[in-house]
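Enquirer: Protein sequence lines, in the order shown, are assigned to chains L and B.
Note that this note's numbering gives residue 133 to position 95 of the first sequence, counting from 1, and the numbers run on in steps of one.
Note that this note's numbering gives residue 310 to position 272 of the second sequence, counting from 1, and the numbers run on in steps of one.
Quick caveat, the hints were computed from the structure, so don't treat them as lab data.
What you are looking at is a predicted structure, and each value in this text was computed from that prediction instead of being measured.
Worth double-checking, as some hints may not be accurate.
To be verified - SDA-like mimics (lysine to any residue), calculated; alpha carbons at most 20 Å apart, straight line:
no.: 1; chain 1: B; residue 1: Lys228; chain 2: L; residue 2: Lys197
no.: 2; chain 1: B; residue 1: Lys225; chain 2: L; residue 2: Leu306
no.: 3; chain 1: B; residue 1: Lys281; chain 2: L; residue 2: Gln94
no.: 4; chain 1: B; residue 1: Lys244; chain 2: B; residue 2: Glu95
no.: 5; chain 1: L; residue 1: Lys197; chain 2: L; residue 2: Asp255
no.: 6; chain 1: L; residue 1: Lys228; chain 2: B; residue 2: Pro309
no.: 7; chain 1: L; residue 1: Lys225; chain 2: B; residue 2: Pro311
no.: 8; chain 1: L; residue 1: Lys333; chain 2: B; residue 2: Gln94
no.: 9; chain 1: B; residue 1: Lys228; chain 2: L; residue 2: Gln307
no.: 10; chain 1: B; residue 1: Lys74; chain 2: L; residue 2: Asn329
no.: 11; chain 1: B; residue 1: Lys225; chain 2: L; residue 2: Gly301
no.: 12; chain 1: B; residue 1: Lys225; chain 2: L; residue 2: Glu95
no.: 13; chain 1: B; residue 1: Lys172; chain 2: B; residue 2: Ala132
no.: 14; chain 1: L; residue 1: Lys281; chain 2: B; residue 2: Thr302
no.: 15; chain 1: B; residue 1: Lys225; chain 2: L; residue 2: Asp299
no.: 16; chain 1: B; residue 1: Lys225; chain 2: B; residue 2: Met297
no.: 17; chain 1: L; residue 1: Lys74; chain 2: B; residue 2: Lys333
no.: 18; chain 1: L; residue 1: Lys172; chain 2: L; residue 2: Phe137
no.: 19; chain 1: L; residue 1: Lys225; chain 2: B; residue 2: Val296
no.: 20; chain 1: L; residue 1: Lys228; chain 2: B; residue 2: Val313
no.: 21; chain 1: B; residue 1: Lys281; chain 2: L; residue 2: Lys333
no.: 22; chain 1: B; residue 1: Lys225; chain 2: L; residue 2: Phe137
no.: 23; chain 1: B; residue 1: Lys225; chain 2: L; residue 2: Arg193
no.: 24; chain 1: L; residue 1: Lys338; chain 2: L; residue 2: Arg193
no.: 25; chain 1: B; residue 1: Lys281; chain 2: L; residue 2: Arg327
no.: 26; chain 1: L; residue 1: Lys225; chain 2: B; residue 2: Gln94
no.: 27; chain 1: L; residue 1: Lys281; chain 2: L; residue 2: Phe137
no.: 28; chain 1: L; residue 1: Lys333; chain 2: B; residue 2: Glu95
no.: 29; chain 1: B; residue 1: Lys281; chain 2: B; residue 2: Arg336
no.: 30; chain 1: B; residue 1: Lys228; chain 2: L; residue 2: Lys281
no.: 31; chain 1: L; residue 1: Lys225; chain 2: B; residue 2: Lys281
no.: 32; chain 1: L; residue 1: Lys225; chain 2: B; residue 2: Arg327
What the hints assert, rightly or not - Okay, the calculated bits of chain B under chain L, using three or more residues with CB under 8 Å as the criterion:
no.: 33; region: 93 to 103
no.: 34; region: 212 to 224
no.: 35; region: 286 to 293
no.: 36; region: 309 to 315
The beta carbon of each residue, even a glycine, is placed where N, CA and C say it ideally should be.
Number of protein chains: 2
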Amino acid sequence: MSCRIQVEPTGKLMEELILDVQQKIVAGLEAIDGQKFYQDRWTKGEGGYGISCVIQEGNVFEKGGVNTSIVQGVLSQDAVQRMRANHEGIDRSAKELPFFAAGISMVIHPSNPMAPTTHLNYRYFELVNSDGRKIWWFGGGADLTPSVLFEDDARHFHKLHKDACDRHDPTFYPRFKKWADDYFLIKHRKETRGIGGIFFDDLSEKDPKDLFAFVKDCAYTFLPSYIPIMEKRKDMEFTEADKEFQLIRRGYYTEFNVMYDRGTWFGLQAPNPRVESILMTLPLHASWRYNYEPKEERHKALLEATHNPVEWA
Amino acid sequence: MSCRIQVEPTGKLMEELILDVQQKIVAGLEAIDGQKFYQDRWTKGEGGYGISCVIQEGNVFEKGGVNTSIVQGVLSQDAVQRMRANHEGIDRSAKELPFFAAGISMVIHPSNPMAPTTHLNYRYFELVNSDGRKIWWFGGGADLTPSVLFEDDARHFHKLHKDACDRHDPTFYPRFKKWADDYFLIKHRKETRGIGGIFFDDLSEKDPKDLFAFVKDCAYTFLPSYIPIMEKRKDMEFTEADKEFQLIRRGYYTEFNVMYDRGTWFGLQAPNPRVESILMTLPLHASWRYNYEPKEERHKALLEATHNPVEWA
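Using the sequences and the hints, build the whole thing.
Expert: Below, the structure written as structure tokens:
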């Protein structure tokens, strides 16, 4: 197609990476759960394709999805406007800009309240500016949202992501850890939705090969950062109070995702949103109790960490 | 207090009305439920007071609240900015405007999926413009959100509200019914959250006495519009599929309230929001299922009505 842009080598590498990461993550989660994900490949004419992998009411996971999408198209002026705040150098007067995007996103909600929800997203974006110049960047991260807090789990998850960051740039983890704490804030509750992780956007400060290597390292860090936690937590005994607390925290998760998450909000504002795909991140069940107060110490411990982010690694 | 405004007689009448309506509604709902509401009177220094009445895990009502607030204060420039779009004639350059507001708001979620959720809100607003001129208006309405649709219930609820409107102005019901259908739209799903009712705002087109009489008539219409429905539905048998469908619809209710409801959004954006009071409208339980499709005809019937608003009266 003449309208397609000549994607940089990094774009192709990213496409291969996310497809491989998706299959490995799905296989890893299936091995823990015992139930297969439902897999669905979709295409968008000649504009791209993606694979949706969904599990619902599994043995271990109440609900979860691992999605990839590799798309090309033209950003409308409206979309270009929205981009401005996010990335420097994009032509402000452009009516339309051709783009390529490849990304993987995942949200996993386990059934057991001792086991944490987790989220991951890595994406590469490329566009042709009006002067013909390529603009590209990476974004993404991974974060953990326990209801019952186990400090060992928090430290393990952060440590592995810090190690991945440190292998590429010692400034990355401190910056991206702080960015996650700021981004995942539920503003009206003045607390974060979970215990964070790493988050970054508009990343283009190094050679694309180097940043791709960094993103690749982070993406392959997910399974070793999460599976050992699940092995410890998936069959733990829990009380009714733990389950109730989990449902309350899933209510908060819902509030964050529909009110503050940039991807959800922009996705739903689009002319013909794929609502099911966008809201796949919401939990199977959530509760809102008037004047709810956690009574157990292990629940109060989480609130301490969501109100005052901790240096876990 | 010298900073308090000289409230118009309508303000005092509205204060008496909403307190009386609140006690009558609470008594009516308690008679159906058998469990008492928890009642809590709060004061805001000399700036006002209110009464919160809450029921949770009652015999009939899973969660519900009936709240009044009568407050005076000064609208900041930011708040004045937000008002502009809503009401004509407010001084655009004013830094601060003294105001008085009296309102009642209610959301009731029954347990039985055959019984509809309902919402009511009536409010009177008064402010002193920078030229010393008083600006005032009424707003409010009532609407019904069934999960299983009984056409008799929809017709009964609308008919009584139409009768109340018609006693004051024949143009009111058609205008305010349409306004409810537009207002309660869940934009990303392209459907309304329920089967509507009436909704109006910035209403000041008649003598305040006449509009107060109209609002009073509407407010006293609530119990006869809802109690007979509850008597028929509260003990009906239902299936697991009905309960599941109810939880899905409560997810949609949550989406509307936190994403689109003006009161919720502005309330939560305020510097120190009373989050528990604002989010008291959310259901005790809600579910999100991937690619959920209702299988029962009585569930599909609701979707037909939420996608294509019906003239019920």
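Enquirer: Now, for every hint given, state plainly whether the structure supports it.
Expert: Structure-based check of each hint:
At most 20 Å may separate the alpha-carbon atoms for a hinted pair to count; Lys228(B) and Lys197(L) exceed this at roughly 44 Å. Proposed proximity of Lys225(B) and Leu306(L) is supported: the alpha carbons are some 9 Å apart, at most 20 Å. Restraint check: the Cα-Cα separation between Lys281(B) and Gln94(L) comes to about 18 Å, which is no more than 20 Å; the hinted pair holds. Between Lys244(B) and Glu95(B) the CA atoms are separated by roughly 42 Å; this puts the pair beyond 20 Å, and the hint is violated.
Between Lys197(L) and Asp255(L), the direct Cα distance comes to roughly 14 Å. Compliance with the 20 Å bound is thereby established for this hinted pair. Taken as a hint, the Lys228(L) and Pro309(B) pair is honoured in the structure, with Cα atoms around 11 Å apart against an allowance of 20 Å. Our distance criterion of 20 Å between C-alpha atoms is met by Lys225(L) and Pro311(B), whose separation comes to about 10 Å. Distance check on the hinted pair: Lys333(L) and Gln94(B) sit about 18 Å apart at the alpha-carbon level, within 20 Å; holds.
At most 20 Å may separate the alpha-carbon atoms for a hinted pair to count; Lys228(B) and Gln307(L) meet this at roughly 12 Å. Under the criterion of a C-alpha separation no larger than 20 Å, the hint pairing Lys74(B) with Asn329(L) is consistent with the structure, at around 17 Å. A distance of roughly 17 Å separates the Cα atoms of Lys225(B) and Gly301(L); the hinted pair therefore holds under the 20 Å criterion. Taking the CA atoms of Lys225(B) and Glu95(L), the gap is about 29 Å. The hint is violated against a cut of 20 Å.
Proximity of Lys172(B) to Ala132(B) is assessed by CA-CA distance (about 14 Å); at most 20 Å being required, the pair is judged to hold. Proposed proximity of Lys281(L) and Thr302(B) is contradicted: the alpha carbons are some 27 Å apart, above 20 Å. Between Lys225(B) and Asp299(L), the direct Cα distance comes to roughly 17 Å. Compliance with the 20 Å bound is thereby established for this hinted pair. Taking the CA atoms of Lys225(B) and Met297(B), the gap is near 10 Å; set against the 20 Å cutoff, the hint holds.
For the suggested pair Lys74(L) and Lys333(B), the alpha carbons sit about 24 Å apart, so the restraint of at most 20 Å is broken. For the given pair, Lys172(L) sits about 9 Å from Phe137(L) by alpha-carbon distance, which is consistent with the 20 Å threshold. For the hint linking Lys225(L) to Val296(B), the alpha-carbon distance of about 13 Å falls within 20 Å, and the restraint holds. This hinted pair checks out: Lys228(L) and Val313(B) have alpha carbons roughly 10 Å apart, not beyond 20 Å.
The hinted pair formed by Lys281(B) and Lys333(L) fails the criterion: a straight-line CA distance of about 29 Å is larger than 20 Å. About 27 Å separates the Cα atoms of Lys225(B) and Phe137(L), which puts this hinted pair outside 20 Å; it is violated. Taking the CA atoms of Lys225(B) and Arg193(L), the gap is near 41 Å; set against the 20 Å cutoff, the hint is violated. Distance hint between Lys338(L) and Arg193(L) is fulfilled; the C-alpha atoms sit about 18 Å from each other, no more than 20 Å.
Distance hint between Lys281(B) and Arg327(L) is fulfilled; the C-alpha atoms sit about 19 Å from each other, no more than 20 Å. For the hint linking Lys225(L) to Gln94(B), the alpha-carbon distance of about 26 Å lies beyond 20 Å, and the restraint is violated. Proximity of Lys281(L) to Phe137(L) is assessed by CA-CA distance (about 44 Å); at most 20 Å being required, the pair is judged violated. Proposed proximity of Lys333(L) and Glu95(B) is supported: the alpha carbons are some 19 Å apart, at most 20 Å.
With a CA separation close to 13 Å, the supplied pair Lys281(B) and Arg336(B) stays within the 20 Å bound. Of the supplied pair hints, the one linking Lys228(B) and Lys281(L) is violated, its CA atoms being roughly 33 Å apart against a limit of 20 Å. Taken as a hint, the Lys225(L) and Lys281(B) pair is broken in the structure, with Cα atoms around 32 Å apart against an allowance of 20 Å. Between Lys225(L) and Arg327(B) the alpha-carbon distance is near 26 Å, which puts this suggested pair outside the 20 Å criterion.
Counting residues of the region 93 to 103 of chain B whose CB falls under 8 Å from any CB of chain L gives 3; the rule of at least 3 is met. Note: the region 212 to 224 of chain B has 0 residues with beta-carbon separation from chain L under 8 Å; the three-residue rule is not met and the coverage is violated. Residue count for the region 286 to 293 of chain B with a Cβ under 8 Å from a Cβ of chain L: 3. That meets the three needed, and the coverage hint holds. Counting residues of the region 309 to 315 of chain B whose C-beta sits closer than 8 Å to any C-beta of chain L gives 3, which meets the bar of three, so the coverage hint holds.
Comparing the model with each earlier hint shows violations of hints 1, 4, 12, 14, 17, 21, 22, 23, 26, 27, 30, 31, 32 and 34; every other hint is respected.
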